[in-house]
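Spelled out, the chains give:
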Amino acid sequence: MAESDLTPFAQPEKSRAIAHGAILRRLSPLATVLVLILIWHWITDWRLVSRILIPPPADVLDSLAAALADGTLAKHSTTTLGEMMWGLLFGVSIGLAIGYAIAKAPLLEYILSPIIVAFQSTPIVAYAPLLIIIFGTGPSSKVVTTAVIVFFPTLVNTIVGIRGVSPRLRDLMLSLNAGRWQIFRNLELPSALPVILAGLKTSTTLAVIGAVVGEFVGSGSGLGVLVISARSQYDTPLVYVTVFTMTAIALSLYSLVALLEWRVLLWQRRSA
Amino acid sequence: MRLSLRQVEVSYAGPAGASLSALGPISFEVAEEEFVCLVGPSGCGKSTLIRVLAGLLRPSVGAAYCGDELIDRPLPHIAIMFQDTNLMPWRTVLDNIALPLEIAGVTRAKRYQTVRELLPQLNLEGFELAYPAELSGGMAQRVALGRVILQQPRVWLLDEPFGALDALTREKLSLELLRLRGRSRQTIVLVTHDISEAVLLADRVIVLSRRPGKLIADIAVKLPRPRSADMIYQPDFLRLAKQVRACIEDQRD
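Heads up: the protein sequence lines correspond to chains E and G, in order.
Per the numbering used here, the first sequence starts with residue 381, numbered consecutively.
Per the numbering used here, the second sequence starts with residue 231, numbered consecutively.
Hints were generated in silico from the structure; no laboratory data involved.
Glycine is no exception: its CB is placed at the ideal position from the N, C-alpha and C atoms.
The reader is advised that the hints may include incorrect statements.
Part of the chain G face toward chain E, derived, beta carbon under 8 angstroms [as the list claims (entries may be wrong)]:
(1) A284
(2) L286
(3) G292
(4) Y295
(5) C296
(6) G297
(7) L300
(8) P304
(9) D314
(10) M318
(11) P330
(12) V336
(13) T337
(14) E355
(15) Y361
To give an idea of the chain E side of the interface with chain G (calculated C-beta under 7 angstroms), a few residues [to be verified]:
(16) A399
(17) T424
(18) W647
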């Protein structure tokens, strides 16, 4: 058979211009941050705003060094991170399980949707105090707030992902006499994975909100507590340090999932 | 394996509770090692019929049998190949072809070895690690063909397998199919809308009526085998093709 229809699947050698473009794209977020810090520095340097409201970057840096040295930051971060991880674990697993069940049995959607939509549309800040009353001021109540908040994107994306599985591929699996587990493992999971991972990315950024909101309402330790105590002492630099720490945690978790996505979804990049 | 349909009817629940008939009643037999092509106007229930034979759809009335076995679920020795290539976009060529072996529990090393031995026949050497989106239509269809071959089925059900390809590639792949079938001589049922493809490949051409599809003609194709592409200019071939066309057009009013 003549192979006029061959298409090479190896990626073509990248041209220099494209490589330069890629480096530029990687560096540009960094440049944005640097410019913002510079502007911040000038605003405080020229005393455009009170230093109580916006402390100079240098003060924030000092505060960071101090908080790192005496272990406050590490202690509170560990608490928050722990709550987030457990919250993600529970919220995401329950979201995956219920999402899968709903996708397979549409009747369940009618039964469960009032509860799920009610939970989702009520601001978590409003019922977080209730959760604190029920689960106490320890970490478990924050695990619950986090789980509740990360549950929804996982659920929705799991439903969309599993419902998007090609019915023809399902027929193929059935005609191969594949069992339920084989269909899940070899068809449903890989097919839904891109959508589920997208949901997981949203969930990780929401996890910080869940944990910190819980801590705001009542807690002994955690970054939320640190923000509140720093604010009440007018230690604005420490407030900034804490807020940036939350940002860093959210970004790292997000990047971790993005990295996972990159590793797992090689086929999507190649198919693009 | 011999296939038989006995008074098979398929109907769906339509709007307002009315039952919509999609197929039949239809009865026919496909003898062991026979190659039968099903042709008919679009929407006549050809794909429905294939799904019944594949055990993916229970007929509302009647039954389909493979040998003496009732087809009430997908049977292991019956393989189906669909209109689109139906490959898994996240699997490489190697893993797509190997899927039936993987489902059957064959170890990775063994299934890769089996697939690699098959690749030259399919003209897919060097593309083991490509993803379906990186293949041309013809190559993707050969991957799907490879997957069916690895199932080692005794019955092939082909639902317009080359329908999405251009005429030349389709003809090439059809003859390829005959070659790959080779001496193992499986029973084949192929659905097509291409009359000359049907006559070129089949021992028998079955013409279905408009929806709900009933059998309106059963034409034996007594052309010598092996078949080749230039046969389509022979008088015998043309006469048969005309006959099939006439059957299809007769009911267009």
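Each hint, compared with the structure:
no.: 1; hint: A284; in the structure: holds, 5 angstroms
no.: 2; hint: L286; in the structure: holds, 5 angstroms
no.: 3; hint: G292; in the structure: violated, 21 angstroms
no.: 4; hint: Y295; in the structure: violated, 17 angstroms
no.: 5; hint: C296; in the structure: violated, 13 angstroms
no.: 6; hint: G297; in the structure: violated, 17 angstroms
no.: 7; hint: L300; in the structure: violated, 16 angstroms
no.: 8; hint: P304; in the structure: holds, 4 angstroms
no.: 9; hint: D314; in the structure: holds, 7 angstroms
no.: 10; hint: M318; in the structure: holds, 6 angstroms
no.: 11; hint: P330; in the structure: holds, 5 angstroms
no.: 12; hint: V336; in the structure: violated, 12 angstroms
no.: 13; hint: T337; in the structure: violated, 15 angstroms
no.: 14; hint: E355; in the structure: violated, 10 angstroms
no.: 15; hint: Y361; in the structure: holds, 5 angstroms
no.: 16; hint: A399; in the structure: violated, 22 angstroms
no.: 17; hint: T424; in the structure: violated, 51 angstroms
no.: 18; hint: W647; in the structure: holds, 5 angstroms
The structure does not agree with the numbered hints 3, 4, 5, 6, 7, 12, 13, 14, 16 and 17 stated previously, though it agrees with the rest.
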